[in-house]
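Novice: Here is what each chain is made of, one letter per residue.
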Amino acid sequence: MGTPLRVVVDEMGGGFREPVKALHIGGPLGGLVPMSKIDDLSIDFESFASNGFLLGHASILSVPERFPLVKYLEHLFAFTAHESCGKCFPCRIGSVRGKELLQKAQSENYQIDRELWNDLLETLEKGSLCALGGGIPLPVKNAMQYFSEELKPYFSRG
Amino acid sequence: MAPVGFRSVEVALQAGGPRRTKASCHTLMEPGMFIYTETPEIQKLRKNIVELVLTDHPLDCLTCEVNGNCELQDTAARVGIRKVRYPDGENHLDREKDLSHPYPHFRPVEMHPVLPLCAGLR
Ligand code: SF4
Ligand code: SF4
Ligand code: FES
Numbered sequence: 001m002g003t004p005l006r007v008v009v010d011e012m013g014g015g016f017r018e019p020v021k022a023l024h025i026g027g028p029l030g031g032l033v034p035m036s037k038i039d040d041l042s043i044d045f046e047s048f049a050s051n052g053f054l055l056g057h058a059s060i061l062s063v064p065e066r067f068p069l070v071k072y073l074e075h076l077f078a079f080t081a082h083e084s085c086g087k088c089f090p091c092r093i094g095s096v097r098g099k100e101l102l103q104k105a106q107s108e109n110y111q112i113d114r115e116l117w118n119d120l121l122e123t124l125e126k127g128s129l130c131a132l133g134g135g136i137p138l139p140v141k142n143a144m145q146y147f148s149e150e151l152k153p154y155f156s157r158g
Numbered sequence: 001m002a003p004v005g006f007r008s009v010e011v012a013l014q015a016g017g018p019r020r021t022k023a024s025c026h027t028l029m030e031p032g033m034f035i036y037t038e039t040p041e042i043q044k045l046r047k048n049i050v051e052l053v054l055t056d057h058p059l060d061c062l063t064c065e066v067n068g069n070c071e072l073q074d075t076a077a078r079v080g081i082r083k084v085r086y087p088d089g090e091n092h093l094d095r096e097k098d099l100s101h102p103y104p105h106f107r108p109v110e111m112h113p114v115l116p117l118c119a120g121l122r
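Protein chains in written order, with the numbering used here: chain A, 1 to 158; chain B, 1 to 122.
Rather than coming from a laboratory, the hints here were simulated on the basis of the structure.
Hints are not guaranteed to be accurate.
Examples of chain B residues toward chain A, derived with CB under 10 Å [unchecked claim]:
hint: 1; residue: E41
hint: 2; residue: N48
hint: 3; residue: L52
hint: 4; residue: V53
hint: 5; residue: G89
Virtual Cβ for every residue (Gly too), placed ideally from N, Cα, C.
Let the hints inform the model, and build the full structure from the sequences given.
Specialist: And the structure:
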């Protein structure tokens, strides 16, 4: 604990084999850390929480530069839909609708309404009964914040 | 907690103190708890949850046999839903109505028979 993230990535992990744009740390419901934040973080709960991420179980998954982030978010919603136990509506239906919105925005001339998107994330976050539905908004919101340019074409307004 | 009659309430341990959103059916009442059932945040959350429920529902009240006598319809009206914003997606609208249980018999909204009263429906 307390080791700088940079040390874990470059020294212990031996760096990257190809250009990477983000690290998804702490499992599917952990935070999505852009490369620009790596030097701000060390492996402890406070460091991650105070930067708006989540250390969770501290697994590290690299998202390569060449991999579209919208596809990655679609995968996160598909994962949630697959794992959802179905007990509460926000997660059981919301995870499927989130996946569908992202698919539609990629395959058709369709942009996701930002207000609807934010409402969906808020509903998942506040209305879910457990950490699955309640947790998925975190990496999505990280992505919306740090990769707003890349994601812009898929969303209407702003 | 049953009299609250809605999914989702905000709970605070002291008046004006920090609140947390809770599902009313999953939260035991405790002494000293402050319960807010109609904050703007809660009203919005309820509305958004019911909207999600309606994405998997036929929504043709005019031709429905329980029109005018329907808790889902009443709830949607009460939380202020005018239209569903989500585009059409995967649904269960081809399912038969399940008459095997004593709960209200909505059109085939995809509901688990043991939890049909969730999401603010009662
Ligand atoms: S949030 Fe948890 S309780 Fe609700 S459906 Fe998802 S897995 Fe089940
Ligand atoms: S079950 Fe209720 S909400 Fe659904 S179509 Fe019939 S009247 Fe409308
Ligand atoms: S209010 Fe939550 S399941 Fe009924």
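Novice: Each hint should be assessed against the structure and marked as holding or not.
Specialist: Now the hints, each set against the structure:
1. E41: Interface hint status for E41(B): holds (8 Å vs cutoff 10 Å).
2. N48: Given a least distance of 4 Å, the restraint on N48(B) holds.
3. L52: This interface hint holds because 4 Å falls under the 10 Å limit.
4. V53: Hint on V53(B): holds, closest Cβ of chain A at ~6 Å, below 10 Å.
5. G89: Constraint on G89(B) satisfied, holds at 4 Å.
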